[in-house]
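Number of protein chains: 2
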Amino acid sequence: MIKVSVMYPHTPGARFDHDYYRDKHMPLLKQRLGTACLYYTIDKGIAGGAPGEPPPYEARCDVFSDSVETFQTAFGPHAKEIMGDIKNYTDLKPAMQISEVVVERS
Amino acid sequence: MIKVSVMYPHTPGARFDHDYYRDKHMPLLKQRLGTACLYYTIDKGIAGGAPGEPPPYEARCDVFSDSVETFQTAFGPHAKEIMGDIKNYTDLKPAMQISEVVVERS
Numbered sequence: 001m002i003k004v005s006v007m008y009p010h011t012p013g014a015r016f017d018h019d020y021y022r023d024k025h026m027p028l029l030k031q032r033l034g035t036a037c038l039y040y041t042i043d044k045g046i047a048g049g050a051p052g053e054p055p056p057y058e059a060r061c062d063v064f065s066d067s068v069e070t071f072q073t074a075f076g077p078h079a080k081e082i083m084g085d086i087k088n089y090t091d092l093k094p095a096m097q098i099s100e101v102v103v104e105r106s
Numbered sequence: 001m002i003k004v005s006v007m008y009p010h011t012p013g014a015r016f017d018h019d020y021y022r023d024k025h026m027p028l029l030k031q032r033l034g035t036a037c038l039y040y041t042i043d044k045g046i047a048g049g050a051p052g053e054p055p056p057y058e059a060r061c062d063v064f065s066d067s068v069e070t071f072q073t074a075f076g077p078h079a080k081e082i083m084g085d086i087k088n089y090t091d092l093k094p095a096m097q098i099s100e101v102v103v104e105r106s
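Chains as they are written, first to last, in our numbering: chain A, 1 to 106; chain B, 1 to 106.
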């Protein structure tokens with residue numbers, strides 16, 4: 001199993017609509033991916049590692065899929081629509097990572 | 001619910017023993033935290049967002065807890081032992097983030 005992580009760098013003054021992200025964007029992504037999205041998670045950054053330090057990321061999602069190929073095949077045809085929706089909740093440019101799920105849940 | 005994420009930046013040539021991390025370090029952390037660790041996840045970075053791009057992070061764990069206070073109270077007395085174990089699997093310096101779990105599992 002793999003996960004695709006999308007991470008929005010915390011930037012003072014930047015716009016990020018967490019409600020839209022939770023209620024509109026991520027459900028849209030899941031609907032378009034169909035069974036290629038096993039499930040997803042959403043985080044909202046609240047702090048960094050040291051006292052008073054901001055979180056590295058304002059928000060993050062992890063999208064779980066059986067394989068990179070399964071994800072890419074399902075995402076490709078909807079990439080334009082999904083990427084086009086980003087402007088509706090943020091002006092941040094996200095970083096992306098694909099990871100092997102070593103431990104899904106201890 | 002909150003999660004504490006520990007992220008090890010991908011650095012060419014750096015050392016990271018994924019087996020030790022999975023088999024020794026994270027079980028140690030869970031044992032020491034007791035019920036303050038609801039569960040944890042482990043990721044191994046395999047790619048970035050663009051073709052041929054490396055992952056931002058070599059490895060990541062998320063540790064789930066009921067609250068920041070619950071986590072910190074349980075972690076504090078074992079911080080020295082747990083942090084001291086890091087050198088046994090890597091020379092990377094991790095970034096940390098505390099997040100609110102907005103969606104645990106869609």
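Just so you know, these hints were derived from the structure itself, not from any lab.
Predicted model, so just to flag it, every value in this text is computed and none were measured.
Where hints are given, some of them may not hold.
Claimed, not checked - If the Cβ cut is set under 8 Å, some of the chain B residues that face chain A in the computed set are:
#1 ARG22
#2 HIS25
#3 TYR39
#4 LYS44
#5 ILE46
#6 ALA47
#7 GLY48
#8 GLY52
#9 ILE98
#10 SER99
#11 ARG105
What the hints assert, rightly or not - Pulled from the structure, derived: some chain B residues nowhere near chain A, Cβ distances all over 12 Å:
#12 SER5
#13 HIS10
#14 HIS18
#15 GLU53
#16 THR70
#17 PRO77
#18 LYS80
#19 GLY84
For each residue, glycine too, the CB sits at the ideal point set by N, CA and C.
Hints versus structure:
no.: 1; hint: ARG22; in the structure: holds, 6 Å
no.: 2; hint: HIS25; in the structure: violated, 12 Å
no.: 3; hint: TYR39; in the structure: holds, 5 Å
no.: 4; hint: LYS44; in the structure: holds, 4 Å
no.: 5; hint: ILE46; in the structure: holds, 5 Å
no.: 6; hint: ALA47; in the structure: holds, 4 Å
no.: 7; hint: GLY48; in the structure: holds, 6 Å
no.: 8; hint: GLY52; in the structure: violated, 12 Å
no.: 9; hint: ILE98; in the structure: holds, 4 Å
no.: 10; hint: SER99; in the structure: holds, 4 Å
no.: 11; hint: ARG105; in the structure: holds, 5 Å
no.: 12; hint: SER5; in the structure: violated, 8 Å
no.: 13; hint: HIS10; in the structure: violated, 9 Å
no.: 14; hint: HIS18; in the structure: violated, 7 Å
no.: 15; hint: GLU53; in the structure: violated, 8 Å
no.: 16; hint: THR70; in the structure: holds, 14 Å
no.: 17; hint: PRO77; in the structure: holds, 18 Å
no.: 18; hint: LYS80; in the structure: holds, 16 Å
no.: 19; hint: GLY84; in the structure: holds, 17 Å
The earlier numbered hints that this structure contradicts are 2, 8, 12, 13, 14, 15.
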